[in-house]
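Protein chains in written order, with our numbering: chain A, 227 to 478; chain B, 113 to 343; chain C, 837 to 1131.
Since the hints were made in silico from the structure, they are not lab data.
Computed from a predicted model, the values in this text were never measured in an experiment.
Be a bit skeptical, because a hint or two may be false.
[Unchecked claim] In silico lysine-lysine, BS3-like type, Cα no more than 30 angstroms apart, as pairs: (1) A:K412 x A:K318; (2) B:K253 x A:K467; (3) B:K253 x A:K456; (4) A:K336 x A:K370; (5) A:K412 x A:K235; (6) A:K467 x B:K280; (7) A:K450 x A:K364; (8) A:K336 x A:K450; (9) A:K369 x A:K450; (10) A:K456 x B:K224; (11) A:K364 x A:K232; (12) A:K412 x A:K467.
[Claimed, not checked] Part of the chain C face toward chain A, derived, beta carbon under 8 angstroms: (13) N860; (14) V905; (15) E907; (16) G909; (17) G1021; (18) L1022; (19) W1027; (20) R1036.
[Unchecked claim] Derived CB-CB ranges, DEER-like: (21) B:R116 x A:R352: 41 to 51 angstroms; (22) B:Q163 x A:F477: 21 to 31 angstroms; (23) C:R1036 x A:E362: 17 to 27 angstroms; (24) B:Q163 x A:K467: 50 to 60 angstroms.
Using N, Cα and C, we set each Cβ at its ideal position, and we do this for glycine too.
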Amino acid sequence: MGVGIKVDKLNAWFGKTQALYDITMEAPANHATAVIGPSGCGKSTFVRCLNRMHETIPEARATGRVRIGELDVYNGTSAVQIRRRIGMVFQKPNPFPTMSIYDNVAAGLKLNGFHDDARLDEIVERSLKLSALWDEVKDSLRKKSGASLSGGQQQRLCIARALAVEPQVLLMDEPCSALDPISTGKIEELIFQLKEKFTIVIVTHNMQQASRVAEFTGFFLLGKLIELDKTERIFTTPSDKRTEDYITGRFG
Amino acid sequence: MRTRFQQGLDDLRARLLRMGGLAEQAVDRACQAYIDRDLARCHMVLEGEFQINVAEREIDELAFDLLALQQPIAVDLRFILAVTKINSDLERVGDQAVNIAERAMDLVELPKADLPVDIPRMAAAVSAMVRRALESFIEGKAELAQAVLEMDNVVDRMKDEAFITLVKTMNERPEVTRQALDALLVARNLERVADHATNIAEDVIFWVRGADVRHNVSTEPPVHQASTDTR
Amino acid sequence: MPENVTATSDFAAAPISLWRRGMNFFATVAAAAAVVLVLLPLGAVFGYLVYKGIGSINWAFLTQTPKPVGEAGGGMANAIAGSAFILLIASSIGVPIGIGAGIYLAEYGRDRLGNIIRFTADVLNGVPSIVVGIVAYGIVVLSQGHFSALAGGVALAIMMIPTIARTTEEMLLLVPNTVREAAYGLGVSRWRTTLSITLRTATSGVITGVMLAFARVAGETAPLLFTAFGNQYWNWKINQPTAALSLQIFTYAISPFDEWHRQAWAGALILIVLIVAAVSAVRIVAGRGMLKGAN
């Protein structure tokens, strides 16, 4: 089961430039929350602050409180520990090119010291089934490299890899923007099923995608969260004119 | 903004207004024909119906294309949905005008009867409702539309009074039964036109405010949660 | 062109002019000629070596130590083994340091210290090999009091390090950042990511760098003159002077004896063959470890 995400006054900087201003919001457990907004509005930065990936950029920092279930992301545990509990899928599929499909899925576990081989087989199979890739690769798990799959398959492999460590939250940064419509459709279907077990935050610049997969949608503009509401409300009668202008294509 | 889409919306708006004008004119003409016992005007109304029907088809087609090709959402989607509904109501208004004209044609054959019912007053009220409903659409103002909703009660009362009076007349003066019947039917047609004007007003409110105020139950969009923006 | 398609412009419709085609042909011929010019010296050297040396290569040559002056026969077996021994020492010093430096430069060295290290490596690369030999003499031979294979290994290692470091750095920088991010996203620490993921992805390139450095130092003579010094007999002790193929060739080549000249040619041929064999072997072994579809 997933857990809810609570963000309280999150601010983020790149060096001296502020990228996020006082973001306060909640993403409910076992639902998908979409984050939309024009280029440069801070939506990717926001999501990367949730698992402290933002810090991997030199001179980047963030302040505020982020709670994922009982876990306090910024106080207490190290960034590396946090990231082991939160799964992330990136815009461009990035399987480890020198590893087989099996090793890719197991990477999160093996690299962090887990070596029970018998259980690994089971975990790899379960993760690949969860990400709807098992049937396509079950015969060449150790023979084919992760990079030899098609784009859509690679992205599902990355999802399996993220799910193998059993996070409760899955962060997705524009996961379908590099994929064709059929692969995109498969992954959207996947997100729908994953909601039962995980809480999902998905950044997307495709509003139709947000309306298809997410129950809640947040609109970001210039580093601020303008509006967060049920998706159907945002897309039929948004409260803020800026939200309406953006989604109807009057700017952005 | 997407120019083709904006042009489509403007086109839709213009066509609906034109159709509104035709419908309004039809009702006015039909009522005038009834009051003046003018056969020529009746025929004009009957001929004019064709144009209204053609307009309805064209508007529906254009709206359908915009929905299919442009993926409108929020206010644009509400606008297009409202237009399709108003379209349908205006066509019915046109039908009612034809009904009134037919009553007028029937009445011309009959000797003139002095009936204790003020059709001209009712016609004027209904005409005003239609006009105001179309104005609220042109201006995009929910307050004007709200005013139309309130006028409906007045017209309903007028119709009820007309019924009671005319039934009494038919009992007391059986020789003017047919004229009374015609008047009764015209009163009812006018009341239907008022209902359609009310529907149009409700559709405008839906478009402008996103609130569904039909059947006297309002579903205003509730105040949303979790906005951090302090403007 | 099909008849229902009209050319939209004269430009698109015009055939390629004679001048264009001539230039195309000329450029192709020039490129081919350049390839031949490059391969020619290589072929010439190899061919000449084979011509002069093949006659002297026999089982005795490959298994016996040199005979005293004046006697016929003998071989360079100890020199072949000695070269391998010295190169092993050099590699065990040079490869880890070189790769380590390369990793530092790529992953952590975007600052001033990194630039200093880079500059130092480039300068070191240009230092003449004899000078490196003298430095190794000063550091190792003088402090130990005798010539040794270790000193030879140190000298060669100093020459390997800059090449390995720079190539490793470049190969690591070629690894796209998305791969590192994938590891960070899984909660892998930075050093672990660098070793297990980034370095692994760049393995083939790093190996190329190591091979380049190895091939370069395998034939060096000057650094070994005052360090390994050479030896008539077998030596497997790290602290004793050791024979090396390049040294032996040098000694024999400048001698006045025809017998020794003959053996020098054979030695040179052996040296080239062994270097090519070593590099190829590593390539094959490394390639077998790759998966289908990995690059």
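Going through the hints against the structure:
1. Straight-line distance between C-alpha atoms of A:K412 and A:K318 comes to about 16 angstroms, which keeps the hinted pair within the 30 angstroms bound.
2. The suggested pairing of B:K253 with A:K467 holds, with an alpha-carbon distance near 17 angstroms, which does not exceed 30 angstroms.
3. Among the hinted pairs, B:K253 with A:K456 is consistent with the structure: their alpha-carbon atoms are about 27 angstroms apart, no more than 30 angstroms.
4. A hinted pair counts as satisfied when its Cα atoms are at most 30 angstroms apart, and A:K336 with A:K370 qualifies at roughly 19 angstroms.
5. The suggested pairing of A:K412 with A:K235 is violated, with an alpha-carbon distance near 35 angstroms, which exceeds 30 angstroms.
6. For the given pair, A:K467 sits about 57 angstroms from B:K280 by alpha-carbon distance, which is inconsistent with the 30 angstroms threshold.
7. Distance hint between A:K450 and A:K364 is unfulfilled; the C-alpha atoms sit about 45 angstroms from each other, more than 30 angstroms.
8. Of the pairs offered as hints, the one joining A:K336 and A:K450 is violated, with about 39 angstroms between alpha carbons and a cut-off of 30 angstroms exceeded.
9. Proposed proximity of A:K369 and A:K450 is contradicted: the alpha carbons are some 47 angstroms apart, above 30 angstroms.
10. Note on A:K456 and B:K224: the hinted pairing is violated, with a Cα-Cα distance of about 64 angstroms set against a maximum of 30 angstroms.
11. For the suggested pair A:K364 and A:K232, the alpha carbons sit about 38 angstroms apart, so the restraint of at most 30 angstroms is broken.
12. Proposed proximity of A:K412 and A:K467 is contradicted: the alpha carbons are some 33 angstroms apart, above 30 angstroms.
13. The beta carbon of C:N860 is not positioned within 8 angstroms of any beta carbon in chain A (closest approach about 37 angstroms), and the interface hint is therefore violated.
14. A least Cβ separation of about 55 angstroms between C:V905 and chain A goes past the 8 angstroms threshold, and the interface hint is therefore violated.
15. Taking 8 angstroms as the C-beta contact cut-off toward chain A, the hint placing C:E907 at the interface is violated, the least distance being around 55 angstroms.
16. A least Cβ separation of about 51 angstroms between C:G909 and chain A goes past the 8 angstroms threshold, and the interface hint is therefore violated.
17. Interface restraint check: C:G1021 against chain A, minimum CB-CB distance 4 angstroms, threshold 8 angstroms, status holds.
18. Here the hint on C:L1022 is kept, as its CB sits about 4 angstroms from the closest CB of chain A, short of 8 angstroms.
19. With its C-beta approaching chain A no nearer than about 11 angstroms, C:W1027 sits outside the 8 angstroms limit, and its interface hint is violated.
20. The criterion of a C-beta within 8 angstroms of any C-beta in chain A is met by C:R1036, whose closest approach is roughly 5 angstroms, and the hint holds.
21. A beta carbon spacing of about 49 angstroms between B:R116 and A:R352 agrees with the range 41 to 51 angstroms that was offered as a hint.
22. One distance hint, 21 to 31 angstroms for the beta-carbon pair B:Q163 and A:F477, is violated here, with the actual separation near 39 angstroms.
23. Against the hinted window of 17 to 27 angstroms, the Cβ-Cβ separation of C:R1036 and A:E362 comes to about 25 angstroms, which satisfies the hint.
24. Checked against the hint of 50 to 60 angstroms, the C-beta distance between B:Q163 and A:K467 comes to roughly 38 angstroms, which is inconsistent with it.
The structure fails hints 5, 6, 7, 8, 9, 10, 11, 12, 13, 14, 15, 16, 19, 22, 24 (numbered hints given earlier, in ascending order).
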